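Enquirer: Single-letter residue listing:
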Amino acid sequence: MNLQPLFEPRGVIVVGASSHPAKFGFAALHNVLAGGYAGKVFAVNRDGGEILGLATVTDVALLPPGEADLAVVCTPPAANPGVLRACAAIGVKAAYVVSGGYRETGLEGRRAEEELVALADKLDIVLAGPNGQGLVSTPAGLCAQIVGPYPPPGAISVVSQSGNTVSSFMNYAGRTGIGIARAVSAGNAAAVTVTDYLQWYRDDPATRSAFAYLEHSASGRALFDGMRAVTGDLPVVLVKGGISQAGQAAAASHTGALAGEQRIFTGAMRQAGVCLAHTVEEAFDAAATFATQPLPNGPNTVVVTTAGGWGVMAADALAGSSLQLAPLPDDLRAAIDTKLPPRWSRANPIDMAGGESRDTVPEVLELVAAHPAVDAVVFLGLGIQSNSARLLRDGPYYPDHGLERVVAFHERQDRRFAEAAAAASDASGKPVLVATELAVTDPANPGPAAVRASGRLCYASANRAVTALEHLWRYARYRRRHA
Amino acid sequence: MPDEALVATPGDAVAAAEEIGYPVVVKLCGAAIAHKTERGLVKLGLSDAAAVEAAAEEVLAEVQPGDGDGDGDVGLLVGSMVSGARELIAGFVRDDEFGPCVMLGIGGIFAEALGDVAFRLVPLDAGDAADLIDDLANQALLGPVRGEPPVDRQALIRILLALAEVGDGDDRIRSIDLNPLIVAGGVPVAVDALVELDG
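Protein chains in written order, with numbering that gives the first Met the number 0: chain A, 0 to 482; chain B, 0 to 198.
It is worth saying that the hints were derived from the structure and are not from the lab.
Hints may be right or wrong, so weigh each one.
[To be verified] Part of the chain A face toward chain B, derived, beta carbon under 10 Å:
#	residue
1	Ser218
2	Gly219
3	Phe223
4	Arg262
5	Ser321
6	Tyr477
Computed from a predicted model, the values in this text were never measured in an experiment.
C-beta atoms are modelled at their ideal positions from N, C-alpha and C, and glycine is treated no differently.
The task is simple: from the sequences and hints, build the whole structure.
Expert: Spelled out as structure tokens, the structure:
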């Protein structure tokens, strides 16, 4: 299915644009205009007049033909067949129907939805929605949605049967700096299904990983086939709502469909190469890691830490995963012996035990990542120097007594360590994940800030880094087994 | 499948046992008998002729009207006694949503408490079957256990692929249970099977 007119439209029409700031039809127009979309924008309002400085027309038919590919439709269901016909007449190729009042409302709504699908098919219009919050496409500068946020640009693409889940996911993108390429609220997914979107993402050069949220699908087999057609080229992280009995009841009243049997669903999705996550948070970490780190070639993971406790907990997390806490090879141990005083752990996790000098962390990260027996690295302890230096910076003695110089040194070191982690990954082609709670508790700390600047995710804990890395390893293993 | 023979009388059961070699098991078999263990129709660990004869007479005494097929026949199944510390369960089902599927799980007395089962859709290949085995949470039970070697994964893969082929090859088959699949010296052996047909 060609979704180019949806995500890369040449011209956008907001149908049902409203002058009332609390209405969907206002938000849609406002967000398209404010989002920086470079193409032409048109607005249709029953009463005409100007909205946000843009002159509106009272009917789609009054717009020039061939100027717009996409219509964002905010008018009530009764008006929409006419809107679609008028849009088709001026060359519109795709319609995103925001309006509710379809299948989710009962039998009459279901009939209206089926008629709209048949009409769009006849008119050769791609029909997205209905009953959705809209879409985002950062390569096109397009924010055609009635909600926030507009995320930073990036390589993750999103499709969801819950509009608010798109927002949740994009909020993580804003917070972490790992951005979004395309995102769409599939709404009732009446004509364009979740796997249709994923198949277009697979072929989209802007997309490197995908997140999908699913509550129901018309056929389990079709879902399986659709997913399997995607995962060989594009990693897909999926959260399935309605896994529990209570969740199923909520989903049934929400969407009018029953969820499948959980274990068969899980087996089918794994067989299709889909990465199943339990929460949006876990899914974001995984999708962001797919978008920003290379795949590991094996499960052998080395933990590098500047202090003991973090390493112990990381080792525990690895023990509960399908990754391996790799035994430290003798030659690597000998190489690290030349960099650190003898009190270091001399085992994996590599605990430097405070023995590091100015260049040790970058040197050890490079040595570990480059070693052929190592498939992945988790680096812990970033930002603690800046965390301590912050007391000096905020105290009453700064910048005197040499404090300015020592604070600057510590902050520079943390930035270097973050850059060294990215450089070690780039040089070795292996994932190097950096985890510290400072990513959440103090995102301005120079350590996590420098990870963000390197275009990678700074994980909020070793456990979350390990969980994300395990998704990459399982996916890499699947790709190898099913090449 | 273990060595086994289907016979009619206690005397024939003894002869079959002599041929197969002790110890053996004796089960009552009939087209309509589904839950043999619950009805006391399975006699395990029979180590001599007298034990086989007594067991055969005991299970024949339990025959009820309707146990046999159209002709009313039931038989005595004599099989070599397969033993191992571990039991698995494998099966084939047709799901309304996903169609034909194969299942693998940890069997034995804690099967329900553990609830450790996983599925793959049919058709599946050897890689899918290997993934299915990896999906079980209790991987330690598939490794070396109490002096027994690890489960032969290739043998398990062959069983899963055969289940898929047999189940999907006949539209009348609604489900198949291989239960238990006793792991004997590392090799999974289907000791009992139940095939459920439509209609």
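Enquirer: Would you check whether Ser321 (chain A) satisfies its interface hint, that is, whether its CB is within less than 10 Å of any CB in chain B?
Expert: Status holds, d = 8 Å.
Enquirer: Under the criterion of a CB-CB separation shorter than 10 Å, is Phe223 (chain A) in contact with chain B as hinted?
Expert: holds, 6 Å
Enquirer: Are Tyr477 (chain A) and chain B close enough, Cβ to Cβ, to be under 10 Å, as the hint says?
Expert: Holds: closest Cβ of chain B sits about 7 Å from Tyr477 (chain A), inside 10 Å.
Enquirer: Per the CB criterion, is Ser218 (chain A) less than 10 Å away from chain B?
Expert: holds, 7 Å
Enquirer: Would you settle whether the hint for Gly219 (chain A) is holds or violated, based on the nearest Cβ-Cβ distance to chain B being less than 10 Å?
Expert: holds, 3 Å
Enquirer: Next item in the hint list is Arg262 (chain A). Is there a CB on chain B closer than 10 Å to its CB?
Expert: holds, 6 Å
Taken one by one, the earlier hints all hold for this structure without exception.
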